[in-house]
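Q: One letter stands for each residue in the lines below.
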Amino acid sequence: MSVLLTRDFPANTETLAAVRSAVHTAASAAGADADCAAEVVLAVNEACMNIIQHGYRFAPGKVFRIELKAADGVLEILLCDNGEAVSERQLKPRALDDVRPGGLGVHFIRALTDTMAYLPPDKTWQNRLQMIKRVS
Amino acid sequence: MEISIREIAPFRIVSLSGDVDLHSSPQARQAILEAIKQKLPLLVELAAVRYMDSSGVASLVEGYQAARKQGTEFGLAAVATPAMNVLKLARLDRVFPIHASVEARLARDA
Numbered sequence: 001m002s003v004l005l006t007r008d009f010p011a012n013t014e015t016l017a018a019v020r021s022a023v024h025t026a027a028s029a030a031g032a033d034a035d036c037a038a039e040v041v042l043a044v045n046e047a048c049m050n051i052i053q054h055g056y057r058f059a060p061g062k063v064f065r066i067e068l069k070a071a072d073g074v075l076e077i078l079l080c081d082n083g084e085a086v087s088e089r090q091l092k093p094r095a096l097d098d099v100r101p102g103g104l105g106v107h108f109i110r111a112l113t114d115t116m117a118y119l120p121p122d123k124t125w126q127n128r129l130q131m132i133k134r135v136s
Numbered sequence: 001m002e003i004s005i006r007e008i009a010p011f012r013i014v015s016l017s018g019d020v021d022l023h024s025s026p027q028a029r030q031a032i033l034e035a036i037k038q039k040l041p042l043l044v045e046l047a048a049v050r051y052m053d054s055s056g057v058a059s060l061v062e063g064y065q066a067a068r069k070q071g072t073e074f075g076l077a078a079v080a081t082p083a084m085n086v087l088k089l090a091r092l093d094r095v096f097p098i099h100a101s102v103e104a105r106l107a108r109d110a
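Protein sequences, first through last, are from chains A and B. Position 66, counted from 1, in the first sequence is what this note's numbering calls 66; the numbers after and before it change by one each time, with no gaps. Position 65, counted from 1, in the second sequence is what this note's numbering calls 65; the numbers after and before it change by one each time, with no gaps.
Next comes chain A alone, as it looks inside the complex (with noise of 0.2 angstroms):
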């Protein structure tokens, strides 16, 4: 598996285009279309987006990690963070068909990744989410 992307980020609202940025660079260098690196790009920065305000609450000095892998043309992201610990709960998208503002984060993740999932925390991270995808 090669490694596209270890870095940390600062967990604030104006590091996301700089997120966004590096997120493209790695999903392309991993066979990643023009469509597939901007489905990986959005899914990135929506869970980016929940750790800023419900993992941190906005607090700063907080960071996040993200790290990317490939191999035989599948992307692993792995998302590390130590806000407020995740349950299931928040796992689970909303109804579609309920038109309000918000939410929509975790359907978005859902529908533009194969597999998403918590692992267990490490001695360094609380959460750790990780994305799977098929890019090539």
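Hint data in this document are derived by calculation from the structure and do not stem from the laboratory. Keep in mind that this is a model prediction, so the values were computed, not measured. It cannot be assumed that every hint is accurate.
Within a straight-line C-alpha distance of at most 35 angstroms, the following computed DSBU-like cross-link-like pairs (lysine-lysine) qualify [unchecked claim]: (1) B:Lys39 x B:Lys69; (2) B:Lys37 x B:Lys69; (3) B:Lys88 x A:Lys62; (4) B:Lys88 x B:Lys69; (5) A:Lys69 x B:Lys88; (6) A:Lys123 x A:Lys69.
Use these hints to put chain B onto chain A, whose structure you have.
A: Just chain B, lined up with the frame of chain A:
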């Protein structure tokens, strides 16, 4: 993200360009809700949007609901592919009135 606002009576047109994300979407939301507060029919033009996330979508939904509640028009115009893809993902492409362009909507009343 850049916002430009113009008026072609009776409409206010709010044009968003660039990245509409968690960092910039509060300004989009504010511009949209300000127009609705003034009871102006509103078109949100998205021709130059390069990226939109769920917070951008939420701003549009909030505007749409506020406009509906008070009985004023709200529509999207010239929706660029990145924005349309996100709207389709949220199944909102069939909820918002979407016009090919601002001119197309204006021509309906001419």
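Q: Against this structure, judge whether each hint is valid.
A: Going through the hints against the structure:
{"no.": "1", "hint": "B:Lys39 x B:Lys69", "result": "holds (11 angstroms)"}
{"no.": "2", "hint": "B:Lys37 x B:Lys69", "result": "holds (11 angstroms)"}
{"no.": "3", "hint": "B:Lys88 x A:Lys62", "result": "holds (33 angstroms)"}
{"no.": "4", "hint": "B:Lys88 x B:Lys69", "result": "holds (24 angstroms)"}
{"no.": "5", "hint": "A:Lys69 x B:Lys88", "result": "holds (29 angstroms)"}
{"no.": "6", "hint": "A:Lys123 x A:Lys69", "result": "holds (21 angstroms)"}
Of the hints listed earlier, there is not a single one the structure fails to meet.
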